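Colleague: Single-letter residue listing:
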Amino acid sequence: MRVPQPYDDIPGTTVFDAERSRQGYHLNQFCMSLMKPENRAAFKANEAECLKAWPMSEEQRQRVLARDWNGMIALGGNIYFLAKLFSADGKSFQHVAAIMTGSTQEAYAQMMLNGGRNPDGNRSLSEWKNRG
Amino acid sequence: MADLFAGLSTSHVPAIGAAIDLGKTREPYWQPVFQGYEFAKRWIDEAKPDVLILVYNDHATAFSQELIPTFALGCAAQFPIADEGWGPRPVPVVEGHPEMAAHLAQSLILEEFDMTIVNTMDVDHGLTVPLSLVYGQRQAWPCKVIPLAVNVIQYPPPTANRCYRLGQAIGRAVASYPEKLRVMVWGTGGMSHQLQGPRVGLINKAFDQRFLDLLIDDPEALTRITPLEFLRESGSEGIELVMWLIMRGALSAKVKTLQRFYHVPASNTAVGHLILECQSPGGRAVQ
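Here the protein sequences come in this chain order: A and B. For the first sequence, the working numbering assigns the number 1 to the initial residue and increments by one for each residue that follows. For the second sequence, the working numbering assigns the number 1001 to the initial residue and increments by one for each residue that follows.
It should be emphasised that the hints constitute simulated quantities derived from the structure, not laboratory data. Worth double-checking, as some hints may not be accurate.
To be verified - To give a feel for the contact side, a few chain B residues facing chain A, derived at Cβ under 10 Å:
1) Y1029
2) I1068
3) P1069
4) A1206
Said to hold, decoys possible - Here chain A is said to cover these stretches of chain B; the calculated rule only asks that three of the stretch's residues, wherever they fall, bring their Cβ under 8 Å from a Cβ of chain A:
5) 1151–1161
6) 1259–1271
Note that the coordinates shown come from a computational prediction; the quantities given were computed from them, not determined experimentally. By construction, the Cβ of each residue, glycine as well, lies at the ideal position given by its N, Cα and C atoms.
When you get a sec, could you build the whole thing from the sequences and use the hints?
Modeller: So, in structure tokens, the structure goes:
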């Protein structure tokens, strides 16, 4: 059972703590394997088959196949490991950032050029309750 | 005696390395970032450090989830450039200083900092981007580098206070090294940024500027920043800033600011950069 943590109150943020690290171990180690060209080739040839070799949960496998980035993070994925997966796909970080925040890549890139996401209104879950 | 004469801090955004490697530094997007390092590039050729103790974090490159050391001290003679998935960066191999690294390891462990000793390690953009920013493109790095890799990926990283105290111990260890060498400590990573989840893209300029102010004049105040405050205010990846406190702890209590630079954005990150010169021999003032 997960122990409640004070940082659970930070909205839109999943802190990669020891419990999530444990949960995401095989998912993240799979992503790490994609640093080697031969493993990337095997994964691209048959993604579902390749994932069976890793003892992750079926839910984790489905989220990898769907490239559900927030979904992978919720099941213990860490962004530095997931970066191996989107790099293998030839996707940029901003492509994935836009998906994670429900935006377009253009709008996300423009937000960064404008100074990034303001912390005001983004510190606590209570501030996100009334968001549209 | 080795002389710890200055510290330097900088962000280590991977896209900065790519911009250097691909010759994009004069493009309108990148020019404002690189002009902040023009001073460092001139200054470093006069300052001529012999050894850098370079504090950085590995980004799931040398360390997978198999082994997660909090403080890993690179004691090897050489550190190959990592292939992070798109080929190694075209930069020179990093030469270590095994003799001083061994002295650091021994001194720090006896001061009760339980260092992990690493004798084989590839180094990723966290270490090489700062070198490229300051030294530019060279055939060989003109100094030895002792990498100090800090876990900031799996929560919790070492606290701000622990990092500052470690820096102080590093200052003492350098001061007790008998060879006449000019030594710098570099702290890298940060500033505010968040790379994950719906809050991705967070930048907190007010937090960053206050951090720079206090790092220079009142670093003890920064040791009271809790991990929760870093996560909330500087973003889930902004917590890398604890590594800057290792650098600052190693310097004299009073420092002279030779360079201060801040720019938003580089990719998804606020870029900060300082050069701080010791006003008394580094490491001794804190004994």
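Colleague: Now, for every hint given, state plainly whether the structure supports it.
Modeller: Structure-based check of each hint:
Interface restraint check for Y1029/B: the shortest CB-CB distance to chain A comes to about 8 Å, inside 10 Å, so the restraint holds. Annotation: interface hint on I1068/B holds; nearest CB of chain A at approximately 8 Å, less than 10 Å. Nearest Cβ of chain A to the Cβ of P1069/B: about 14 Å, over the 10 Å cut. The hint is violated. Taking 10 Å as the C-beta contact cut-off toward chain A, the hint placing A1206/B at the interface holds, the least distance being around 8 Å.
Note: the stretch 1151–1161 of chain B has 4 residues with beta-carbon separation from chain A under 8 Å; the three-residue rule is met and the coverage holds. Counting residues of the stretch 1259–1271 of chain B whose beta carbon lies closer than 8 Å to any beta carbon of chain A gives 5, which reaches the threshold of three, so the coverage claim holds.
Of the hints listed earlier, the one the structure fails to meet is number 3.
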